[in-house]
Structure formats: C-alpha cells, structure tokens
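Engineer: This is what each chain is made of:
There are 2 protein chains.
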Amino acid sequence: MDDTLLMIPGPTIVPKRVLDAMAQPIVNHRGPAFGEILEETTAMMSEVFQTNNPSYLLTGSGTAAMETAVGNTIQKGDKVINVVGGKFGQRFQQITEKFGGESIEITVPWGQAVDPEIVKSVLEEHDDVKALTMIHNESSTAVVQPIKEIGKIMNDYDSLFIVDTVSSLAGDTVEVDNYGIDVCLSGSQKCIAAPPGMSAITFGDDAWNVINKQETPNYYLDMKSHLKYFKKDPSQTPYTPSVSLTFAMNEALSIVLEEGLDNRVKRHHIGAEATRNAAEALGLELFAREGDRSNTLTGIKMPEGITDQQLRGTMRNKYNVDIGGGQDHLKGNVFRIAHMGIIGLPELAITFTCLEMTLKELGFEFERGAGVAALEETYIKYQ
Amino acid sequence: MDDTLLMIPGPTIVPKRVLDAMAQPIVNHRGPAFGEILEETTAMMSEVFQTNNPSYLLTGSGTAAMETAVGNTIQKGDKVINVVGGKFGQRFQQITEKFGGESIEITVPWGQAVDPEIVKSVLEEHDDVKALTMIHNESSTAVVQPIKEIGKIMNDYDSLFIVDTVSSLAGDTVEVDNYGIDVCLSGSQKCIAAPPGMSAITFGDDAWNVINKQETPNYYLDMKSHLKYFKKDPSQTPYTPSVSLTFAMNEALSIVLEEGLDNRVKRHHIGAEATRNAAEALGLELFAREGDRSNTLTGIKMPEGITDQQLRGTMRNKYNVDIGGGQDHLKGNVFRIAHMGIIGLPELAITFTCLEMTLKELGFEFERGAGVAALEETYIKYQ
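Just so you know, the protein sequences line up as chains A and B, in that order.
In this text, residue positions in the first sequence follow this note's numbering: the first is 1, and each later residue adds one.
In this text, residue positions in the second sequence follow this note's numbering: the first is 1, and each later residue adds one.
Source of the hints: derived by calculation from the structure; they are not laboratory data.
Be a bit skeptical, because a hint or two may be false.
Identical chains blur together in the list; that is why a pair holds if it fits in one copy or across any two.
As the list claims (entries may be wrong) - Lysine to any residue pairs mimicking SDA-like chemistry, simulated, CA-CA at most 25 Å apart:
#1 Lys-318 with Pro-32
#2 Lys-232 with Gln-309
#3 Lys-98 with Asp-292
#4 Lys-16 with Asp-3
#5 Lys-98 with Lys-232
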C-alpha cells in the first residue's frame with residue numbers, strides 16, 4: 001500500500017522475515033505451542049536486556065511500559081527525580097505526577113545529556129528519593145544519556161533506577177544488571193525492528209520488593225497480576241496477549257541474536273557516525289551537543305530559510321523518503337534521520353542522495369555528492 | 001507452525017485476507033497513509049457498534065478496554081452496579097473496586113442471564129448510582145445478557161450503561177445508540193476475527209460529560225488524551241498504535257461489512273443453533289439455561305466419568321481440534337465450542353466428527369453420526 005522508505009525514529013523498517021512470522025495463523029494463547037513461543041521470546045528479551053531476571057511482554061505501546069514502570073513503583077507522595085531533557089523525559093515526569101509522585105526535576109537543555117555530577121548532587125540534596133527516571137536515548141532530541149555512569153552513582157543510594165530504553169535497546173549498549181538498573185523497559189518498534197504495539201519490561205529484586213509491598217491504582221498494567229501468572233506458569237499472561245506481535249517479536253529477537261548484540265550495536269554506531277559525517281559534509285549542523293549524540297538516530301538543524309514542509313515534504317512526496325520532524329518546540333527547527341534496526345548503508349545512501357537533491361532544489365549550497373562521499377568513507381573505514 | 005483447528009472462544013480463526021493485510025510493511029503512524037487507514041477503520045468500527053459517535057482503537061487487549069471504560073468514568077466512592085454472572089462480570093467488578101468504586105453486585109447464577117426486573121429493583125433501591133456494568137456475552141458461561149431490555153430500563157435512570165461486547169460484537173445484535181449504551185467496548189479477536197491485541201471503545205455524550213469533569217489515575221488509558229488528539233486530527237492517536245493490527249482490523253471490519261452485519265449475526269445464530277442441536281443429539285447437556293444461551297459460543301457439560309484432560313486432550317492431541325475448557329469453578333465440568341467469526345459448517349463438521357470419535361473412544365454412548373446429522377439438519381433448515 002505504501003513503498004515509502006521509513007527513516008523515522010520508529011516505527012522502523014520491519015524485515016520480511018518478521019512480517020511473515022507475524023502473519024502465521026493464530027494459536028490458542030493458553031496452549032503449549034504459544035507457551036513455548038512466549039517463553040522463548042521473553043528469554044531472548046532478557047538476553048537483550050542483559051539481565052538474569054525474567055522479562056515480561058506487554059500488549060501495549062512503549063508508553064504503556066513507561067506507565068507500568070512508574071505506576072507499579074511510585075505512590076502518592078513519593079519523591080522521584082525525573083531527568084527531563086526532551087519529550088519522553090517529560091512524559092516520565094507526567095506519569096510520575098499522575099501517580100501522585102512528587103517530581104524533583106533535573107532540567108537538561110534539549111540537545112544535551114545530563115551531567116552525572118548534577119545527578120549525584122541532587123541525590124545528596126534529598127533523602128528518601130524513591131526512584132530516578134531517565135530516558136536512555138531521548139529520541140526527541142537525538143541525545144544519549146550516560147546510564148552507565150549514572151548507574152554507578154545510583155549504587156550508593158537506595159532509590160530505584162528506572163530506565164526507558166525504547167529507542168536504544170538492541171542498537172546501543174544496555175547492560176541492565178551491570179549498570180544496576182532496577183526497572184528497564186523497551187518497545188518493539190525501534191532497534192528491535194518489530195512492528196509497534198508491544199513493549200517489554202524487566203524488574204530487579206529491589207523493584208519487586210517495592211511492588212509487592214504496595215497497590216497500584218491501575219489494573220491492566222498491574223505487574224502483580226503478571227507475576228501471579230508467571231509464578232504458576234511462565235508461559236501464561238494474565239490477559240489475552242497480542243499473539244501475532246509475540247510471533248513478530250520472537251523472530252525479530254532471533255535476528256538480533258543471530259547478528260549478535262555487540263555486532264548490532266557496532267553497526268548502529270557506524271550508521272550514526274556515517275550519518276553525522278554525511279550531514280556535516282553537506283554543511284548541515286547537528287542538533288545535539290558533541291559527545292551526547294545518539295547512536296540510533298541523528299537530529300539535524302533545519303537550514304535557515306528552509307521550512308519543514310519544504311524539506312520533509314519534498315523528501316516524502318517527491319522522493320518517497322520519510323524522515324522525522326522536530327517535536328514540540330523543535331518543530332520546524334530540526335529534522336531527524338533514524339539509523340535503527342535494520343537500517344544500514346543502502347537506506348542511508350538513498351536518504352542522503354535524496355536529501356542532497358532536495359537541498360539543492362531548495363537553494364541550499366554544498367558540493368553535490370559530498371554527503372554520500374562521507375557515508376562511503378565512514379563505511380570503508382570500518383570494513 | 002501449528003495446524004490445530006481453533007474452536008476456542010477467542011482468539012478465533014483469522015482469515016488469510018486479514019493475516020496478509022497485517023503483514024504489510026510498516027508505515028509512519030503520523031503520516032497520511034496511516035491516517036487514512038485509521039479513520040476508515042474507526043468509521044467502520046462505529047458502523048459495527050451501530051453508533052453515530054466516534055470509536056477509538058486501543059493498543060491493548062479487551063481488559064485494557066474494560067479498564068478504559070471504568071477507569072475514565074468511576075471514581076473513589078462512586079456507586080456502581082456490577083452484574084456478575086461469570087468471570088468477565090467479576091473482572092468488571094474488580095476493576096470497579098480497583099478504581100475506588102463502591103460495587104453493588106447483582107449476583108447471577110453462572111449459566112443464567114440476569115432478570116431485567118431485578119436490575120430495575122436494584123436501580124430503584126439505590127439513588128445516585130453512577131454506572132451499571134454488564135457483559136453482553138459472558139463467554140465463561142456461554143450466556144447472553146438482555147442488553148436491549150436493560151437499556152430500556154436504564155433510560156429512566158441517570159446511571160451510565162457500560163457494556164462489554166468483546167465476545168458478541170459482529171456476532172450478535174449490538175445497537176449501541178438504540179439501546180442507550182453510554183460506553184461500549186469490544187475486542188479484535190472474537191467475532192470480528194482479527195488477531196488479539198487491539199480493542200475498541202465508544203462513548204456517548206453522557207459518558208463524555210462525566211469523563212471531562214474528572215481525572216483518571218491512569219495515563220496510557222486516559223481517554224482525555226485520546227480525545228485531545230482526535231479533536232485536533234481524527235487520524236492521530238496519542239501514542240504509537242499497533243500499526244499492523246490496525247491494518248488487520250481494517251481488513252477484518254471490511255469483511256464484516258461486506259457480509260453485512262445482519263447476515264453475519266444470522267450466520268452466528270445458525271451456527272449456535274446447529275451446535276446446540278448437535279450436542280443434544282449426542283445426549284450431551286448444555287450448560288446455560290434455555291433462552292439465555294449465547295449465539296457465539298456454546299457451553300456443554302462434561303459427561304460424567306470423563307475428565308477434561310481426556311476429552312479436550314484427545315480432541316487436541318489426536319484430532320488437532322482445540323476447544324475451550326471451563327473457567328474457574330467450571331474447570332473440568334464444562335467445555336466450550338466457539339462459533340464466532342468465520343467459523344461455520346466446515347469447522348463445526350470437523351469438530352463434531354472428532355468429538356463423536358473422541359466420545360466413543362471414551363466410552364460415552366450415543367448413536368454414531370447423530371451429532372453431525374443434527375448439524376446438517378439445522379443448516380438445511382436455513383438454506
């Protein structure tokens with residue numbers, strides 16, 4: 001129905017193998033065939049999270065998993081540090097406040113990562129902080145946050161470390177157990193390259209200790225129901241799951257593990273470097289601060305005098321390439337190119353070729369071919 | 001991966017056309033191609049609900065829609081009448097209580113429908129009842145509830161009428177506007193015959209008036225977020241939706257409307273009558289009370305001396321036919337055959353042929369062929 005090249009930061013291109021797996025006939029979600037698939041899938045999920053704890057698949061989008069993370073741990077009056085440097089950081093804060101948490105915001109300028117020393121000082125300043133929430137890869141700003149360093153700091157405090165890896169897991173390094181992450185969540189439709197509609201979450205012992213002691217006001221996303229089923233039989237979910245998306249996740253995670261997590265992360269890093277080099281070779285300016293730039297998508301400042309409608313509209317309507325726009329106050333000022341999931345040299349070649357054609361057409365000056373040349377050079381460097 | 005004939009009450013068999021539609025490449029959920037599909041799908045959804053109000057697709061299972069219905073309307077201390085005659089009626093009550101509602105339970109014996117006069121008397125007895133919840137088709141007991149009659153009664157009261165039609169919509173008559181239903185929800189994986197993982201909900205003005213005046217404690221299922229997006233642009237959802245399941249729902253609802261709602265409901269009624277006649281011709285006893293029996297699935301008492309493992313195990317392992325067991329205290333005492341979605345004469349012929357073979361093997365006495373003969377006779381009657 002649509003042969004547009006999908007270069008937005010999720011949903012991303014889904015391999016044919018995954019689409020085919022998804023289209024298998026439906027099976028009984030309480031039967032042994034599905035149970036086997038589910039157990040295999042959640043085991044692969046834990047492998048990708050790099051945790052020894054079980055993982056749970058949720059039939060719902062990434063936001064459902066964010067709510068699951070916060071709603072099961074935060075209660076009225078709990079102090080929560082929310083690191084906010086973009087739209088998804090804000091969403092974690094909104095969910096925290098919806099559940100009655102008292103938000104201590106660490107405001108980070110959009111385009112920058114948080115300074116771990118600031119996190120440390122805020123933790124020192126407040127006792128009895130129940131949790132800290134953080135977006136590993138803030139896709140609204142194309143920034144990656146230093147979760148490893150923050151994890152080390154968090155080790156000295158009792159607060160739960162809640163990390164959203166929706167747009168980083170399987171594309172950048174996430175070591176849940178090594179980093180001391182207590183609650184980690186992700187989505188299906190980014191670096192894992194499955195269709196949207198499913199999310200995953202895992203909890204450490206400290207998180208379960210909190211969860212088991214309290215009640216969450218919601219029902220569908222109450223993890224105690226999941227745990228109850230899981231303890232009886234790990235092949236069961238409390239409510240009818242998305243059977244087809246479980247098939248898809250199973251296949252997508254198999255592909256991730258066939259490639260190997262390290263290889264896949266390295267491939268994402270190369271795609272990111274190539275994209276940054278290509279953009280800069282065209283004289284474009286990157287949005288995120290150097291050193292804080294995401295490995296799964298790149299934010300680029302809109303050149304002066306060119307509108308979002310002109311640039312992204314031409315890319316989409318004339319060249320069938322769909323790139324991301326800016327979000328909230330970055331609307332019109334930034335565009336975003338994803339290099340997540342299976343996106344590699346071929347897709348970036350198409351994208352930068354068409355971006356060059358579009359920019360020339362809009363009167364932006366640069367040496368024709370320079371962007372693609374930079375792509376080539378970056379990829380050659382890693383051969 | 002599994003060629004078992006799926007005769008359980010959901011997820012049900014999904015037509016190849018729907019599986020193929022689901023396997024289409026992913027598109028941008030904020031782009032015009034998806035927007036068109038979403039608007040078309042929700043419009044068809046409203047047509048199937050028989051309402052002039054908009055419908056909303058939720059990326060979540062039927063339970064997510066049940067929580068959406070209750071969580072957006074019921075607040076701490078609100079009086080709610082819960083009609084409870086099976087597992088799903090209980091779930092509505094649990095969700096009501098989770099959201100702080102004060103449940104007034106109308107207990108209905110499992111296997112029976114509620115008497116509308118009792119509903120009337122309970123409404124008379126209590127003022128300021130905020131809402132009444134009811135499962136149209138209680139799949140745990142294979143009973144259909146008189147929502148039309150209850151709707152007429154509810155007309156005289158201010159309470160919201162909240163109806164779950166997860167296992168009836170598109171298989172039995174549901175006229176949301178005519179029946180005066182204020183909140184109606186359904187699922188993808190039953191009579192609509194799409195894969196599980198998506199649900200739908202619609203609200204009348206009285207429901208919106210309540211919703212807009214209050215806050216719900218949850219986030220992902222907060223309808224005010226959906227409404228905000230919808231008002232700006234009906235082709236947008238607040239969070240990344242399940243794109244593939246939207247494709248699937250679009251195709252499944254197209255099939256429903258090509259067949260015609262009335263034809264489809266009539267076909268379900270014939271399947272139900274044929275199943276009941278076939279079961280009784282074998283000397284089996286139906287579980288639900290006469291007159292209260294579901295048109296989308298049939299509950300049959302387990303013959304004495306035969307265990308669930310023997311009957312359903314043989315059906316599944318020897319004949320590759322998966323039928324439903326009993327739920328909760330009906331486990332082992334009842335088995336359930338679905339005739340929902342695309343299930344018709346061919347699937348029932350296989351099922352009853354294999355059921356006859358299984359029952360004979362287990363020593364149950366009946367005239368061989370009598371079940372299938374009753375199926376034939378019923379279908380011939382309606383030719």
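Engineer: Each hint should be assessed against the structure and marked as holding or not.
Structural biologist: Each hint tested on the structure:
no., hint, result
1, Lys-318 with Pro-32, "between (49 Å within a copy, 15 Å between copies)"
2, Lys-232 with Gln-309, "between (54 Å within a copy, 19 Å between copies)"
3, Lys-98 with Asp-292, "neither (30 Å within a copy, 43 Å between copies)"
4, Lys-16 with Asp-3, "both (14 Å within a copy, 22 Å between copies)"
5, Lys-98 with Lys-232, "between (32 Å within a copy, 23 Å between copies)"
In terms of the numbered hints stated before, the structure departs from hint 3 and from no other.
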